Amino acid sequence: MQTRHILKALTYVALISVGFVMLIPFLWMVLGSFKTAREVMKFPPTFIPEDPTLANYKEVFSRLSFGRYYLNTIITSVIPTIITVMTASMAGFGFAKYRFAGRGVIFWLILATMMIPYPVTIVPLYTMAYRAGLVNTYTGLIIVNLSSAFGIFMMRQFCLTIPNDLLDAARIDGSSEFGIFYRIIMPLTKPALATLTIFTFTGNWNSYMWPLLVVNTDRLRTLSLAIPLFNGQYSSFPNLVYAASAMAILPVVMLFIFNQRYFTEGITMSGLKE
Amino acid sequence: MWYRFQRKIAPYVFILPGVLFYLMVTFIPAAIGIGLSFTNWSIITPKFDWVGLRNYERLLTDTLFQTSLSNTFRYALWLIPGVVICSLLLALLLNTKVRGITFFRTVYYLPMVTPIAVASVIWMWIYDRRTGILNYIVRLLGMPPRNWLNNPDTALGSLVVMGIWLSVGSNMIIYLAALQGISRSYYEAADIDGAGYWQRFRYITLPLLRPTTLFVIITTTMGALRAFSQMNIMTQGGPLDSTTTIVFYIFKTAFTDLRMGYAAAVSVVLFAITLVITFVDWKFLGKGVSYDAD
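Order-wise, the sequence lines are chains A and B.
For the first sequence, our numbering assigns the number 1 to the initial residue and increments by one for each residue that follows.
For the second sequence, our numbering assigns the number 1001 to the initial residue and increments by one for each residue that follows.
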């Protein structure tokens, strides 16, 4: 009994210390964002701000078009997310609930294409965007994120669990195929749709490589492009960099904290294929 | 009539947008990329010549390409055991019916939802020579401070540590789900046989987690092979090319040197490597263990 208690205590100690290590970068950033320019460069460093201030947050907005970057990030995250959730759930439903010529081949092609690492396609993809005149446009930023193999796959798995009788009953009642999708499949797959929405949104919000290639004007910059640039320009003002970073992270962190269940489900789904 | 027609056509209408948008950014560029790799195209002029296998021949003597390959492999070879061990240990700890499992899961997963560009910037400050918290801790321990990201000996290792921090959370969740899926009856049987904790772990847990470990290894390898953002933001591939990974090299060749054809050839090689590694992982680690009767 004694050893059991000790073991339990040790488990907590281990979990909490690892948790602390994981949180250090966030704590460092948040605490630093409230420090003055002088305090943040001090050595040895202080942890709790001696003279906490909100001035850094205000200053970020006056020194760079932060609002613009926010807006760009929101546009290039929200629009592709809505479209991806639509296209992936429709495709997942199509693959799960219909038999049609070419189904096996097309589905196999999608699974096989998942093997191609994203950076492998980046050179030709940029070439295509360049030829199509999509460099430095919102369309260029958005167009690569309008569908998702993970999403198609996940929605297919979910749709497979819905009984065919339900769809047939709707058909007898005179529903069109799209009506079935809209009135039966969509409501029944809500948890999967939520998971897909959150995953897609986070992915879009955080994307870096493609925006880096396709955007080179300040007008179209997203947060992921702006923060490293800002860091380069204001390398003697980490307090400002921390404040900007904290604001860039906040939306996804909030989304995650309030929707954890869906995150966990999504990861587990990706781990339990077949 | 209309009814039958719409049933026939409906599946195609449903799958078309999703499939097209997906293949447009994967399959089609991949095919174009293979074609490009046989040309000397630079993006400045619309003209190009077919050069056959010359790009691939040149790779054989390209020392920076070879350095980038070896950097990528070194990065992967440190990252994979780090991620597997850390995430498995955390999952085992969390699986002991502790309280606050949701809280710990949140904390461990947090890095995964952080934009990589922002995480890179914060880690640069952690590794900072003068004001970084790492050097502060190092000094407390009585060791000499280092210029972590500007030293060829420590730069890649610093990126590995950050890589483990990034991906431990999601893999831990995958392990946790797998652990919770192991039937209690195996452990009960082992208890009757008098097996200790280590034996239960060695002969039940570990073998049954094998498919999960395979999955974690494959996804971590994929992640390591495509690592780019940290290298671009934190080290620019340096110092002395010590963090030039293969994707960073592709990026540099294509968009700084504007040698699109050559970059496409490197991409094709990266793809081939991915295929080979996945196949080898599958072959040697993929033999799943099942103690079920079927």
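Hints listed in this document are in silico derivations from the structure and should not be mistaken for laboratory results.
Just so we're clear, the structure is a prediction, and the values are computed from it rather than from any experiment.
Just so it is clear, CB atoms sit at the ideal spot from N, CA and C, and this is done for glycine as well.
Some clues are possibly wrong.
Stated by the list, open to error - In silico lysine-lysine, DSSO-like type, Cα no more than 27 Å apart, as pairs:
no.	chain 1	residue 1	chain 2	residue 2
1	A	Lys58	A	Lys42
2	A	Lys97	A	Lys190
3	B	Lys1252	B	Lys1047
4	A	Lys8	B	Lys1097
5	B	Lys1008	A	Lys97
To be verified - Going by beta-carbon spacing under 7 Å, a handful of chain A positions derived as facing chain B:
no.	residue
6	Leu15
7	Met22
8	Pro25
9	Trp28
10	Val30
11	Leu31
12	Glu39
13	Phe43
14	Ile116
15	Ile152
16	Met209
17	Ser224
18	Leu229
19	Asn231
Each hint, compared with the structure:
no., hint, in the structure
1, A:Lys58 to A:Lys42, "holds, 22 Å"
2, A:Lys97 to A:Lys190, "holds, 17 Å"
3, B:Lys1252 to B:Lys1047, "holds, 21 Å"
4, A:Lys8 to B:Lys1097, "holds, 10 Å"
5, B:Lys1008 to A:Lys97, "holds, 12 Å"
6, Leu15, "holds, 5 Å"
7, Met22, "holds, 6 Å"
8, Pro25, "holds, 5 Å"
9, Trp28, "holds, 6 Å"
10, Val30, "violated, 10 Å"
11, Leu31, "violated, 10 Å"
12, Glu39, "violated, 10 Å"
13, Phe43, "holds, 6 Å"
14, Ile116, "holds, 5 Å"
15, Ile152, "holds, 5 Å"
16, Met209, "holds, 6 Å"
17, Ser224, "holds, 4 Å"
18, Leu229, "violated, 10 Å"
19, Asn231, "holds, 5 Å"
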